[in-house]
Amino acid sequence: MMHDDGGTAAVTTLVMLPLLLVVLAGALEFGALRAVAYRAAAAADLATIVAVNDQDQTVLERTGTLRLAAGAADTAREYFARNLNPTASALAVGVADIAASADIASFPTAPAIDPRTGARYDRPTVRLIATVPVKTPGFAVLLLPAVTTITVRAASSPR
Amino acid sequence: MKRLAAALLLATALVPANAAYAREPFEDGSPPVPPIVPIPDPVAFVVPAGLYYVTDTYVADVVATSDATTTYSTTTVHESTGTYARVVDSIGTGAASAFDGTAFNGRGSLTDGRALAGTYYENFVLTSDGYVPVSIVFFQDDSETRRRRALSSPPPATPTPTAPTATPAATTAPVVGPSTLRGFPTPTPFPRPQGPSTPVAPTLRAGIALAPDGPALATAEVLRGRLIHFWPRAFANDVAVAIRSWRLLSAQPDYASAAAGGVEPLAAQWLRMPAPDVRWSLRFEIFTEIAPTERLEAEIAITVRSPALID
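Those protein sequences? They're chains E and D, same order as listed.
Residue numbers for the first sequence follow my numbering, beginning at 1 and rising by one.
Residue numbers for the second sequence follow my numbering, beginning at 1 and rising by one.
Bear in mind the hints are in silico, worked out from the structure with no lab data behind them.
Keep in mind it's a predicted model, so treat the numbers as computed, not measured.
Take the hints with a grain of salt, since some may be wrong.
Sample of chain D residues facing chain E (criterion: CB under 10 angstroms; computed from the structure) [what the hints assert, rightly or not]:
#1 A209
#2 G214
#3 P215
#4 L217
#5 A218
#6 A220
#7 E221
#8 V222
#9 I228
#10 V241
#11 T303
#12 P307
#13 L309
The beta carbon of each residue, even a glycine, is placed where N, CA and C say it ideally should be.
Build the full structure now, drawing on both the sequences and the hints.
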């Protein structure tokens, strides 16, 4: 006795295809979001490292100890915007606005306690916390938010 | 039909065509190409011996009186005017020089009438014709001490800059002394007593500072990869005195500008991080102007740090 399975497979494919497409779109969008999140995190890391290099030369000459320059937070903000720039097309807000709204704190002397995170810093530290809105059109197709906000944190000190 | 189409296509291609203008340069009788006249090489610049680029510019002659000692020195400003200079004569107190009377700022004299010791520099500008001398300046570097009788009413210790002569070049003449070749300020020479004075053995000590006038430091934190200047300093009875020379006794930097020097600092750079529990330091041997034979030692501990993320 012979069965013709061709019709069954076609029906199954028709039924499952939308579901497969939804899963595929979600996976692609999620991967893209992860990539942008990594790049934003790297931008924040590099910005704080650059800012830690901004030391007060006068204090160093007088005391021999490293102390963050007064403009270290501004330096971190500037370089955060610069480092985010290559990712700008994937962001829902301009990089300048993201950098401007970032919570960047400089702790020029140590030890210090971060009032926001409660962390204790044993060295002069620059800390950055920023929210980065990322465009996620693939999610919008799936009736999810078209913009996903991620939060990046970074802190650096000379060690 | 095909033939007609081909003919139309050919006609369309040929009608807008232009004649190509070309010629054989050696067959059409055109005038011969003039021979190429070799252009002589530009006159090679004659670089005067000892010439260097000026980084510190002459400002004024300074006469400073402190107690019984009057010091004659020269102030400069760290500024490059795009000119060059060289030493043409270094002379001692009272000695005559072939350049006397040629310097725009003149050469002063001690109270006893002897001409000041110092150095003549010749300034140059670079033009298309080479290095052209523009002026001569005298850097005075001398001192004198009055006898004890004069100490009863010492004048206030105030430096008195004497304005350079009204020569226009006086304000722009770029001049540096040998110690300023690397862009470091010329230190004020320590007074060298010349008259009779009560012999006093000052307490000498040495230290290392991170600035020419900075305090002596026992430790210093440096960032990895950053070039740091270390200034050997010496003090006589806690008063800074001039350094004659210094020498590195031990050091671990990845780069050091010199193993020995004079008034210029040591520039050092660390590219590696020390192993745990390893302490790096710079140890100097220092000789001063006031006690050239007395050997001083100074040491500064170095902590190399590198910016890093905090987890």
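Structure-based check of all given hints:
1. A209: Hint on A209/D: holds, closest Cβ of chain E at ~7 angstroms, below 10 angstroms.
2. G214: G214/D check passes; min Cβ-Cβ to chain E is 5 angstroms, inside 10 angstroms.
3. P215: Cβ of P215/D sits 7 angstroms from chain E, so the hint holds.
4. L217: holds, 4 angstroms
5. A218: Holds. Min distance 8 angstroms.
6. A220: holds, 4 angstroms
7. E221: holds, 5 angstroms
8. V222: This hint holds: V222/D lies near chain E, its Cβ roughly 8 angstroms from the closest one there, short of 10 angstroms.
9. I228: Since the shortest Cβ distance to chain E is 9 angstroms, the answer is holds.
10. V241: violated, 20 angstroms
11. T303: holds, 9 angstroms
12. P307: Holds: closest Cβ of chain E sits about 4 angstroms from P307/D, inside 10 angstroms.
13. L309: Holds: closest Cβ of chain E sits about 5 angstroms from L309/D, inside 10 angstroms.
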